[in-house]
Amino acid sequence: AQKITQTQPGMFVQEKEAVTLDCTYDTSDQSYGLFWYKQPSSGEMIFLIYQGSYDEQNATEGRYSLNFQKARKSANLVISASQLGDSAMYFCAMRERNAGGTSYGKLTFGQGTILTVHP
Amino acid sequence: DGGITQSPKYLFRKEGQNVTLSCEQNLNHDAMYWYRQDPGQGLRLIYYSQIVNDFQKGDIAEGYSVSREKKESFPLTVTSAQKNPTAFYLCASSMGGFTGELFFGEGSRLTVL
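Residue numbers (this note's numbering), protein chains in the order written: chain A, 29 to 147; chain B, 1480 to 1592.
It is worth saying that the hints were derived from the structure and are not from the lab.
Take the hints with a grain of salt, since some may be wrong.
[Unchecked claim] Partner residues aside, some chain A positions facing chain B, computed with beta carbon under 7 angstroms:
(1) Phe40
(2) Met73
(3) Gly138
(4) Gln139
(5) Gly140
[Claimed, not checked] Pair by pair, the computed Cβ-Cβ distance ranges are:
(6) A:Glu89 x B:Gln1496: 39 to 47 angstroms
(7) B:Glu1494 x A:Gly80: 39 to 47 angstroms
(8) A:Glu89 x B:Glu1585: 21 to 29 angstroms
(9) B:Gly1576 x A:Leu112: 48 to 56 angstroms
(10) B:Glu1585 x A:Thr144: 19 to 27 angstroms
(11) B:Gln1496 x A:Ala99: 50 to 58 angstroms
Beta carbons are placed, not taken as given, at the ideal position from N, Cα and C, and that holds for glycine.
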């Protein structure tokens, strides 16, 4: 089973409007972390926002917010007031404990969503 | 400036040749990672290391090897055993622990001719 599922291969949004990128995850851990990254066409990976499984408030960073619904195992990214520079691939990722259960390490990534912002 | 440096940015290889991708970080991070990305796809973990002289296989380690002799360096060798090595390779590092995000290099694009 996929650990991270991003069901929207591509999304379009008009400049200055808000857009939601979907992400669902699968884990049996109680402690985990959820991340969103942006990848422009240049290929670099830019960290956007983080949500811990025990965080009661939804994470926000500027125009980015994370709509965290723990019972539904979803962690959707909301971008407000879209800009042309937001056009990129967006990845949702999760960190769980390692197999030994003693330390936290690698991120597992979803397949990504390509966002295109129209003027 | 602190960051992660990957080299070379572009690399061409003939079939049957081994090639080594360099990854150096000056962020004093304990953990380092190698991911592979194919066109239009997500990132898949090849190897990771949480401490010097120790590393673990990721999801797609076959045909790859790594070493972690220094905290700053985590080179990846793509061997001739890797059946389909043409891809974009991304190195990352983190403080380790639960909340630390991964910091990525700019990537190395490997093409097998």
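Evaluated hints:
1. Phe40: violated (17 angstroms)
2. Met73: holds (4 angstroms)
3. Gly138: This hint holds: Gly138 (chain A) lies near chain B, its Cβ roughly 6 angstroms from the closest one there, short of 7 angstroms.
4. Gln139: Interface hint status for Gln139 (chain A): holds (5 angstroms vs cutoff 7 angstroms).
5. Gly140: Since the shortest Cβ distance to chain B is 5 angstroms, the answer is holds.
6. A:Glu89 x B:Gln1496: 39 to 47 angstroms: At 43 angstroms between Cβs, range holds.
7. B:Glu1494 x A:Gly80: 39 to 47 angstroms: holds (45 angstroms)
8. A:Glu89 x B:Glu1585: 21 to 29 angstroms: The hint (21 to 29 angstroms, Cβ to Cβ) holds, given that Glu89 (chain A) and Glu1585 (chain B) are roughly 22 angstroms apart.
9. B:Gly1576 x A:Leu112: 48 to 56 angstroms: violated (36 angstroms)
10. B:Glu1585 x A:Thr144: 19 to 27 angstroms: Cβ of Glu1585 (chain B) to Cβ of Thr144 (chain A): about 23 angstroms, so the range 19 to 27 angstroms holds.
11. B:Gln1496 x A:Ala99: 50 to 58 angstroms: holds (51 angstroms)
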